[in-house]
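For the record, the sequence lines run as chains U and X. 1 is the number of the first residue of the first sequence in my numbering; add one for each residue after it. 456 is the number of the first residue of the second sequence in my numbering; add one for each residue after it.
Derived by calculation from the structure, the hints in this document are not laboratory data. Glycine residues also receive a C-beta, built at the ideal position from the N, C-alpha and C atoms. Just so you know, not all the hints are guaranteed correct.
Claimed, not checked - Estimated spans, in silico, between C-beta atoms of each pair:
#1 U:E379 with X:N531: 47 to 57 angstroms
#2 X:N531 with U:K381: 31 to 41 angstroms
#3 U:K381 with X:K502: 45 to 55 angstroms
#4 U:R248 with X:K518: 49 to 59 angstroms
#5 U:R258 with X:E545: 14 to 24 angstroms
#6 U:K184 with X:E545: 20 to 30 angstroms
#7 U:T377 with X:K494: 26 to 36 angstroms
#8 U:R288 with X:I541: 48 to 58 angstroms
#9 U:P340 with X:K518: 51 to 61 angstroms
Unchecked claim - From chain U, some residues computed to sit far from chain X (all C-beta separations above 10 angstroms):
#10 V129
#11 G196
#12 E200
#13 T211
#14 I272
#15 E351
#16 Y388
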Amino acid sequence: MLGSFDTKEALFGFLCRGLEDLPGIRRVFYQEPVQYAHTQKQEVPSLKLFPVHMRDRSYGQICCEIEDATLFQPYTGYIQNICFMTAVLLEERRQRWLNKKHQEELERRVVERTRELEEERTKALYEQVRAEEYLEASEALILELETTFRIVRINKQVENVYGYSSEELIGRSTLDFIVQIEGKRDIRTAFEEMIGGDNETFAYNENPIRTKSGELRYISWHNILRRDSKGEVKGILSSGIDVTERRRTEKEKDILLREVHHRTKNNMHIIISLLSLQMARIENPELRQIMKDMRKRIFAMALVHNKLYSAETIARFSFVDYIRELGTNLISSVTSPMNPIAFQVQGEEVEVNLETAVPCALVINEIVTNSIKHAFTEEPKENSIFIYLSENDAGITIDYRDTGKGLPEGFIPERSQSLGMQIIHSIIQDQLGGSVRFNGSDGLRILMNFSRKRS
Amino acid sequence: MSHALKILILEDEMIEALSLKMEFETRGMGEVFIASTYKKAMEIYRKEAPEVAIVDINLNDDKNGIDFISATSTFNKVILLSGYRIDLYEEELKQISFDHYLEKPIDAEQLVACLR
Numbered sequence: 001m002l003g004s005f006d007t008k009e010a011l012f013g014f015l016c017r018g019l020e021d022l023p024g025i026r027r028v029f030y031q032e033p034v035q036y037a038h039t040q041k042q043e044v045p046s047l048k049l050f051p052v053h054m055r056d057r058s059y060g061q062i063c064c065e066i067e068d069a070t071l072f073q074p075y076t077g078y079i080q081n082i083c084f085m086t087a088v089l090l091e092e093r094r095q096r097w098l099n100k101k102h103q104e105e106l107e108r109r110v111v112e113r114t115r116e117l118e119e120e121r122t123k124a125l126y127e128q129v130r131a132e133e134y135l136e137a138s139e140a141l142i143l144e145l146e147t148t149f150r151i152v153r154i155n156k157q158v159e160n161v162y163g164y165s166s167e168e169l170i171g172r173s174t175l176d177f178i179v180q181i182e183g184k185r186d187i188r189t190a191f192e193e194m195i196g197g198d199n200e201t202f203a204y205n206e207n208p209i210r211t212k213s214g215e216l217r218y219i220s221w222h223n224i225l226r227r228d229s230k231g232e233v234k235g236i237l238s239s240g241i242d243v244t245e246r247r248r249t250e251k252e253k254d255i256l257l258r259e260v261h262h263r264t265k266n267n268m269h270i271i272i273s274l275l276s277l278q279m280a281r282i283e284n285p286e287l288r289q290i291m292k293d294m295r296k297r298i299f300a301m302a303l304v305h306n307k308l309y310s311a312e313t314i315a316r317f318s319f320v321d322y323i324r325e326l327g328t329n330l331i332s333s334v335t336s337p338m339n340p341i342a343f344q345v346q347g348e349e350v351e352v353n354l355e356t357a358v359p360c361a362l363v364i365n366e367i368v369t370n371s372i373k374h375a376f377t378e379e380p381k382e383n384s385i386f387i388y389l390s391e392n393d394a395g396i397t398i399d400y401r402d403t404g405k406g407l408p409e410g411f412i413p414e415r416s417q418s419l420g421m422q423i424i425h426s427i428i429q430d431q432l433g434g435s436v437r438f439n440g441s442d443g444l445r446i447l448m449n450f451s452r453k454r455s
Numbered sequence: 456m457s458h459a460l461k462i463l464i465l466e467d468e469m470i471e472a473l474s475l476k477m478e479f480e481t482r483g484m485g486e487v488f489i490a491s492t493y494k495k496a497m498e499i500y501r502k503e504a505p506e507v508a509i510v511d512i513n514l515n516d517d518k519n520g521i522d523f524i525s526a527t528s529t530f531n532k533v534i535l536l537s538g539y540r541i542d543l544y545e546e547e548l549k550q551i552s553f554d555h556y557l558e559k560p561i562d563a564e565q566l567v568a569c570l571r
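Just chain U, same shape as in the assembly (with noise of 0.2 angstroms):
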């Protein structure tokens, strides 16, 4: 019945004109819920009301304006069954209608939801493909390890280096791979104590590992830990940068630093040469002790130049070594016929650059070679010459002793208008910036003070 009343005006309409073919009515209308309560104030007695309504909810009322209340009377039940009957389809209808509400918010819901979702996954797949990508443009090789060492995931780079593909490396070790170095800590163990909880001591590494072709790759690792959500460790993360070329161009470096060392030696012991060419066509002896001097200035100087090439280290080297080669030196050419000079260098272990190394060395060719022109007599006397070294947060310290007749009377070093003299001075307080201290009251001592050079 209420399928073809679209509205509840319409509903209504139509009942309200079925009971007016009632006996005793004049009249029936309908009114809506909110019209009620105004009707109600009305105070008019010939209007009967009868709510239609199904629990708490008003449908409204029906109205109906008696003519005859003795002929109406019986029908009073009826019309009352019939608002009930009434509020009984429109609640269902509400009801049907709400359900569909409900469905219909229900599906928008999902809809919206089911687009959150795919947005939701588009982005992680996209943020899982960029992570793909970071990772495959990675200059870096990347391994992921399980506790066992065992290579879980692997980036294109490892391919690349290792020569094996990922089906080649993921499964195996990685310790099938890196090749332990002699001496070096022992991988397994490192690894070990990594896994145990030791994440500091094993996070930087140089291991070279073993490609396929055979050859050996320098990479330079970095090792973390990987745990899960609850803090347990899982495995390692390795990344690592081959540093094969970059070795090679240090060592090919290192190699023709040597060589330019090597050549500067040899072009000053061609120098040396050419001053004894020289010399030798010189008769005032005056001048042949001058260029004699120079020749051991530059002899200095070259030695210099073989320690360095000749240095584990290019940069530095045994400054007590050099020394002690340059004062037998200096003393093997003593031709004279005085007692021998023994000559002794002891000290620290006193590393020097090129920039320290050539001004000390000069220094060194001075002191030496006046002690033998100057400081001792053909009186037999045990002769000899002690240097000791020593450095600390003041610098290196040089101190310089012999044992010949100490400076003559009146003697001030610092005015002493001599080459030699000069050279010390302006050496070590103004070049090195540090301090000379002359004693010539028992033998010879001078004590030199200095900061290293920089290089």
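With the hints as your guide, set chain X onto chain U.
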């Protein structure tokens, strides 16, 4: 050895060779012959029969100073000169006999002392 000693210098750096020659001659140590190649040194060796050989190991030549000493046998004294440390030639030097190995730079007086 103050009599007229025959000294052979095998050195491809002529200034150095001349300088050594001059050092020996001014001291009146003997007659000095200079060779800059293995071949020239061999010629002098055969012709003059020098008693002392002062030989630079590195020559700008196919054969080096060690080859020359290996091929000769009559020197009273052999002094090797080199711009490199002795350990570079460790194996080759085991095959020959020599008296001194001097690493450059060489002080002339040091070399003279070796001859005394």
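Against the structure, the hints:
Look at U:E379 against X:N531: about 37 angstroms separates their beta carbons, and that is not inside 47 to 57 angstroms. In this structure the hint that X:N531 and U:K381 lie 31 to 41 angstroms apart at CB holds, the actual value being about 36 angstroms. Between U:K381 and X:K502 the beta carbon distance is about 51 angstroms. The supplied range of 45 to 55 angstroms therefore holds. For U:R248 and X:K518, the hinted distance range of 49 to 59 angstroms is not satisfied, since their beta carbons lie about 32 angstroms from each other.
Checked against the hint of 14 to 24 angstroms, the pair U:R258 and X:E545 passes, with Cβ atoms roughly 18 angstroms apart. Checking the proposed 20 to 30 angstroms range against U:K184 and X:E545 shows it holds: the Cβ atoms sit about 27 angstroms from each other. The hint said 26 to 36 angstroms for the Cβ distance between U:T377 and X:K494, and at roughly 52 angstroms that hint is violated. Between U:R288 and X:I541 the beta carbons are some 33 angstroms apart, a value that contradicts the proposed interval 48 to 58 angstroms.
The hint said 51 to 61 angstroms for the Cβ distance between U:P340 and X:K518, and at roughly 40 angstroms that hint is violated. The beta carbon of U:V129 is kept farther than 10 angstroms from every beta carbon of chain X, the shortest such distance being approximately 58 angstroms. In this structure U:G196 is separated from chain X by more than 10 angstroms, as the shortest Cβ-Cβ distance comes to about 44 angstroms. Here U:E200 stays apart from chain X, with its beta-carbon at least about 40 angstroms from theirs, past the 10 angstroms limit.
Chain X leaves U:T211 outside its interface by the beta-carbon criterion, the shortest separation being 32 angstroms against a cut-off of 10 angstroms. Not every C-beta of chain X lies more than 10 angstroms from that of U:I272, the closest at about 6 angstroms, which undercuts listing it as non-interface. Non-interface status of U:E351 relative to chain X is upheld: no Cβ of that chain comes within 10 angstroms, the nearest being about 18 angstroms off. The Cβ of U:Y388 lies farther than 10 angstroms from every Cβ of chain X, with a closest approach of about 25 angstroms, so its non-interface assignment holds.
Violated hints, in rising order: 1, 4, 7, 8, 9, 14; the structure is consistent with all others.
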